[in-house]
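*Asks:* Place chain B on chain A using the hints.
Residue numbers (the working numbering), protein chains in the order written: chain A, 4 to 794; chain B, 1067 to 1219.
It should be emphasised that the hints constitute simulated quantities derived from the structure, not laboratory data. Note that the coordinates shown come from a computational prediction; the quantities given were computed from them, not determined experimentally. The reader is advised that the hints may include incorrect statements.
Derived EDC-like pairs: lysine to aspartate or glutamate, alpha-carbon spacing no greater than 16 Å straight-line [claimed, not checked]:
{"#": "1", "chain 1": "A", "residue 1": "K26", "chain 2": "B", "residue 2": "E1142"}
{"#": "2", "chain 1": "A", "residue 1": "K664", "chain 2": "B", "residue 2": "D1132"}
{"#": "3", "chain 1": "A", "residue 1": "K18", "chain 2": "B", "residue 2": "E1142"}
{"#": "4", "chain 1": "A", "residue 1": "K574", "chain 2": "A", "residue 2": "E623"}
{"#": "5", "chain 1": "B", "residue 1": "K1159", "chain 2": "A", "residue 2": "D722"}
{"#": "6", "chain 1": "A", "residue 1": "K18", "chain 2": "B", "residue 2": "E1095"}
{"#": "7", "chain 1": "A", "residue 1": "K175", "chain 2": "A", "residue 2": "E304"}
{"#": "8", "chain 1": "B", "residue 1": "K1189", "chain 2": "A", "residue 2": "D722"}
{"#": "9", "chain 1": "A", "residue 1": "K308", "chain 2": "A", "residue 2": "E392"}
{"#": "10", "chain 1": "A", "residue 1": "K15", "chain 2": "B", "residue 2": "E1155"}
{"#": "11", "chain 1": "A", "residue 1": "K19", "chain 2": "B", "residue 2": "D1132"}
{"#": "12", "chain 1": "B", "residue 1": "K1189", "chain 2": "A", "residue 2": "D510"}
{"#": "13", "chain 1": "B", "residue 1": "K1158", "chain 2": "A", "residue 2": "E392"}
{"#": "14", "chain 1": "A", "residue 1": "K19", "chain 2": "B", "residue 2": "E1155"}
{"#": "15", "chain 1": "A", "residue 1": "K26", "chain 2": "B", "residue 2": "E1095"}
{"#": "16", "chain 1": "B", "residue 1": "K1158", "chain 2": "A", "residue 2": "D510"}
{"#": "17", "chain 1": "A", "residue 1": "K188", "chain 2": "A", "residue 2": "E13"}
Some residues of chain B that are not near chain A, with every Cβ distance over 10 Å (derived) [claimed, not checked]:
{"#": "18", "residue": "V1079"}
{"#": "19", "residue": "V1080"}
{"#": "20", "residue": "K1081"}
{"#": "21", "residue": "T1100"}
{"#": "22", "residue": "G1105"}
{"#": "23", "residue": "D1107"}
{"#": "24", "residue": "G1120"}
{"#": "25", "residue": "K1121"}
{"#": "26", "residue": "L1129"}
{"#": "27", "residue": "N1134"}
{"#": "28", "residue": "Q1164"}
{"#": "29", "residue": "G1166"}
{"#": "30", "residue": "N1182"}
{"#": "31", "residue": "E1214"}
{"#": "32", "residue": "K1218"}
Each residue gets a CB set at the ideal place from its N, CA and C atoms; glycine is no exception.
Here are the chains, one letter per residue:
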Amino acid sequence: MASLVGSRVERKEDKKLLTGRGKYTADVTFAHQTYAYFVRSPHARAQIKNVDISKAVKASGVVSVLTGKDIVNDKIGGLIAGWRIKSEDGSDMKVPPHPPLASESVNYVGDHVAVVIAESLDEARNAAELVKVDYKVLKAVVKTDEAMKSDNIYKDIPKNLCFDWLLGDRAKVKEAFDKADKIIKIDLINNRLIPNAMEPRAANADYNPSTEEITLYTTSQNPHLARIIISAFNGVAPENKLRVIAPDVGGGFGSKIYPYAEEVVCSWAAKKIERPVKWVADRTESFLSDCHGRDHVTHAELAVKNDGTFLGFKNETIANLGAYASVFGTVTPTYLFGPCATGVYKMPAAYSNVKAVYTNTAPVDAYRGAGRPEATYTIETLVEKAARELGMDPAEIRMKNFPTQFPFQQTLVHSVDSGDYVGGLKKAMEVADYKGFEKRKRDSASKGKLRGIGLCSYFEACGIAPSPVVMMLGCGIGLWESAEVRFNPTGNVTVFTGSHSHGQGHDTTFAQIAADQLGVPIENIEISHGDTDKGPFGYGTYGSRSLTVGGTAIVKACDKIVAKGKKVAAKMLEVSESDVEFKDGEFIVAKSNKKKTIGEIAFACYLPGTYGEVKSPLPEGEEPGLKETSFFDPVNFSFPAGSHICEVEVDPDTGKVELVKYTAVDDFGTIINPLVVEGQVHGGLAQGIGQALHENCHYDDSGQLVTASYMDYTMPRADNFPNFELGFTCTPATSNPLGTKGCGEAGAIAAPPTVMNAVMNAIGTEISMPATAEKVWKACQKMKKANSEAA
Amino acid sequence: MTKVSLEVNGKKVVKEIPDHTTLSVFLREILNLTGTHVGCDTSQCGACVVHVDGKSIKSCTALAADLNGSKITTIEGLVSNGKMHPMQEAFKKTHGLQCGFCTPGMVMSAIDLLNNKKNPSDKEIRDWLEGNICRCTGYQNIIAAVKEAATKM
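Pulled out of the complex, with its shape left as it was, chain A reads as follows (with noise of 0.2 Å):
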């Protein structure tokens, strides 16, 4: 039987999300549903002194308003931060409340004050309007490099610090830049950015008095993670009488990993009025209120000799948190960050110290790549800039600062167990014909552009992760994955993953693996995800960890279904157990003709007796039934790593950037889909071209979000793109079966410093993200004014 492992099999679950029968969890609707409106503060800072719902309580069609008092008086409990990070003088980090109903004070514009329910949508939200609130608005602190010399928006929290972290040696650091023959310096901004999954946030949550159960359809990446937090830190309702669906979830990018003030609403409320209340965000609200990205301010020091061997590293950061700690929101900038800093590199001595402050804007958590993407576009145009100071060619300092050998101790934390760095970036100068440059170059430069040639190397930490490491780091839980392999009586397979599948095609890819494993032909598996009533607890979808982790999981149970399924066989066979052989779903037995196929034993597993012809001898002490469950905890991370180049041509008298020429060869280790993979390449390079020339979340002075719309917030189109070409090395993983390594987050982590210094090696100055063709314009016409007094 040929291998479906490396097939490009077409998905699975397309046929019903093309037909228009996909269910999103707007378009669950139950009997007698009710509809929520939030009411939300239109102030960055505030103290709420009333909240009047005299009126809106007598509105048309108003079942219930509820305010953060009710809260206070359900002792429904907070938004918790999910990972605790002390201070380099091992201080714990300060976090506030994070009522989901604010009742005292609000902090960013969209925060939640109140929500009104309705027997309609138009009536919660007119009813919404007479909802009179009060507020005392205090000046709202907004910038991230302000943060700390600005008031306290916490009074327990002076300069507005979270944490002071450091990883790394200061005292080393310091001993190899006093070695070094020149520091490269180098102050970024690493651009805000809004996730915009396609599909709004929804939240739909039923109540039955009869069993006193909630079941809530929210948009979720992690509905076992939801039930967890709503159950045991909201105190909504006991874990067993909240089930959560994350039906057909539209995008998610890390914005919806966990759960929001919204989701808890709707629970408790259902609860307390007994029908159901759905709430479904507009788009508005997804802008002001769903979970932001980046937005960080670092200042990067590289020591180097003149050769350019790279001696030292320093990184300082200051992260922006918004209003809250959220879940991921603080290993985000921490452990996600601070040891990619050093990229993929031999770095003899390196630090990471970020201070993350709190600003009275929407929380920022993780968003595709986590950490990673600020990572690498921090070392990525320090080392371009290294170049271009030494005189190097950008591809030779990366080759000359590879490692060779692997594993590969890195300096901060990870133990790289596989990669072939120079093989991937000599593959990526093929594919992009790097030395054909210069003649495009001198074509460009003829009709009046400027082209620009930008390069990155990256790794990443991902496949997360080993709960004993994650846990000591500070991670509130585990991050193992589960998996139950169940086949049915008839021969059919059901496969339930803790993981969650948004457009990833685990239900392809997963059932690519299972049909291998068991033999069974792919149509006869189905794959079963976001429904904490069906599977086992698992941790969802992040960090490109579902097919490395969960999918090790699968291959670990159907393993435990193989040697079940061995000793049944050995007994209907009549032979030692040793004899038997499991090959492309038959049990053999070595030069005879005796064979069982799995549908076979499966079906005598749940047969065990003798009916007629069929006779099921299961071994003595033989539970009946085929199911195996398996909890498969990693014993390091992954490490996909790769490298981009991409060419643009800049017109100097517009400042309009095209990209011309896009290259990606990267390294996931083993494929098993490579249709899916090449489309989350280009998926995570368009997010992350998004980041470089487009994307930017823009608060003014006073709070206001003023990129709160796909009017105001440039989202990337069809007609911002080249065609991307891709090429692929492979360096199996080590740590677990499959040899898998992740690709979701490579295109976003990768792309922002390939673009940015293609963009600044074409006009020869640096410059921020996004390069727009406003600031670009600026650029040249400095440039140009500097070349012209130079002449």
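*Replies:* Structure of chain B alone, referenced to chain A:
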């Protein structure tokens, strides 16, 4: 309230609706045709695109009452005799969708393009689909899907 009479996916529909009912709300909430998605409120994202008398429009910014007497085709109406439309088949073949949320609008827009132009270039496809935002695919496989469908339509 206004009485509207429309033909939706080949079936005649007559409903009494509030005047301000948009076509997307009419399809989703009243007819339970939830394949048409709403991704924004400024007529920018294109997830809600359907065909009205054969032409693609954004259903979130059209009033159902204004379209009285029109023929509407939604994503659900493309399947005929159990077979997907060549554009749907092409999206599947080229992996032109991931989360699927923008897909219905993307497919409806792309069909309108090919109805107007048989063999569009990459640039023409990218320009035409500029009004449909996809956050997952980076558009490359969508372009491939439209080219693939062009050979079948």
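*Asks:* Hint by hint, say whether it matches the structure.
*Replies:* Evaluation of the provided hints:
Note on K26(A) and E1142(B): the hinted pairing holds, with a Cα-Cα distance of about 13 Å set against a maximum of 16 Å. Taking the CA atoms of K664(A) and D1132(B), the gap is about 46 Å. The hint is violated against a cut of 16 Å. With a C-alpha separation of about 11 Å, the suggested pairing of K18(A) with E1142(B) holds against the 16 Å cut-off. Our distance criterion of 16 Å between C-alpha atoms is met by K574(A) and E623(A), whose separation comes to about 9 Å.
Proposed proximity of K1159(B) and D722(A) is contradicted: the alpha carbons are some 22 Å apart, above 16 Å. A hinted pair counts as satisfied when its Cα atoms are at most 16 Å apart, and K18(A) with E1095(B) does not qualify at roughly 23 Å. Taking the CA atoms of K175(A) and E304(A), the gap is about 14 Å. The hint holds against a cut of 16 Å. Distance check on the hinted pair: K1189(B) and D722(A) sit about 7 Å apart at the alpha-carbon level, within 16 Å; holds.
Taking the CA atoms of K308(A) and E392(A), the gap is near 12 Å; set against the 16 Å cutoff, the hint holds. A threshold of 16 Å between alpha carbons decides the hint, and for K15(A) with E1155(B) the separation of about 13 Å falls inside it, so the pair holds. For the given pair, K19(A) sits about 31 Å from D1132(B) by alpha-carbon distance, which is inconsistent with the 16 Å threshold. Simply put, K1189(B) and D510(A) have alpha-carbon atoms about 33 Å apart, too far for the 16 Å limit, and the pair is violated.
Restraint check: the Cα-Cα separation between K1158(B) and E392(A) comes to about 49 Å, which exceeds 16 Å; the hinted pair is violated. Straight-line distance between C-alpha atoms of K19(A) and E1155(B) comes to about 12 Å, which keeps the hinted pair within the 16 Å bound. Among the hinted pairs, K26(A) with E1095(B) is consistent with the structure: their alpha-carbon atoms are about 14 Å apart, no more than 16 Å. Note on K1158(B) and D510(A): the hinted pairing holds, with a Cα-Cα distance of about 14 Å set against a maximum of 16 Å.
In summary, the hint linking K188(A) to E13(A) is not supported, as the alpha carbons are separated by about 48 Å, beyond the 16 Å threshold. Every CB of chain A lies more than 10 Å from the CB of V1079(B), the least distance being 16 Å, so the non-interface label holds. Every CB of chain A lies more than 10 Å from the CB of V1080(B), the least distance being 22 Å, so the non-interface label holds. Every C-beta of chain A lies more than 10 Å from that of K1081(B), the closest at about 16 Å, which supports listing it as non-interface.
The claim that T1100(B) lies off the interface is violated: its Cβ sits roughly 4 Å from the closest Cβ of chain A, which falls inside the 10 Å cut-off. With a least CB separation of 5 Å from chain A, G1105(B) falls inside the 10 Å interface cut-off, contrary to its annotation. For D1107(B), the non-interface assignment is contradicted: its Cβ lies about 5 Å from the closest Cβ of chain A, within the 10 Å cut-off. Separation of G1120(B) from chain A is adequate, the least Cβ-Cβ distance of about 18 Å exceeding the 10 Å criterion.
The beta carbon of K1121(B) is kept farther than 10 Å from every beta carbon of chain A, the shortest such distance being approximately 19 Å. With 10 Å as the threshold on Cβ separation, the claim that L1129(B) sits away from chain A holds: the shortest Cβ distance comes to roughly 15 Å. For N1134(B), the requirement that its beta carbon stay farther than 10 Å from each beta carbon of chain A is met, with the minimum near 22 Å. Not every C-beta of chain A lies more than 10 Å from that of Q1164(B), the closest at about 4 Å, which undercuts listing it as non-interface.
Once the 10 Å rule is applied to beta carbons, G1166(B) is inconsistent with being away from chain A; the minimum gap is 3 Å. No beta-carbon of chain A is positioned within 10 Å of the beta-carbon of N1182(B); the least distance is around 17 Å. Against the 10 Å criterion, E1214(B) stays outside the reach of chain A, whose nearest CB is about 12 Å from its own CB. At roughly 15 Å, the least C-beta separation between K1218(B) and chain A is larger than 10 Å, which holds for a residue marked as non-interface.
Against the hints set out earlier in the document, violations occur for numbers 2, 5, 6, 11, 12, 13, 17, 21, 22, 23, 28 and 29.
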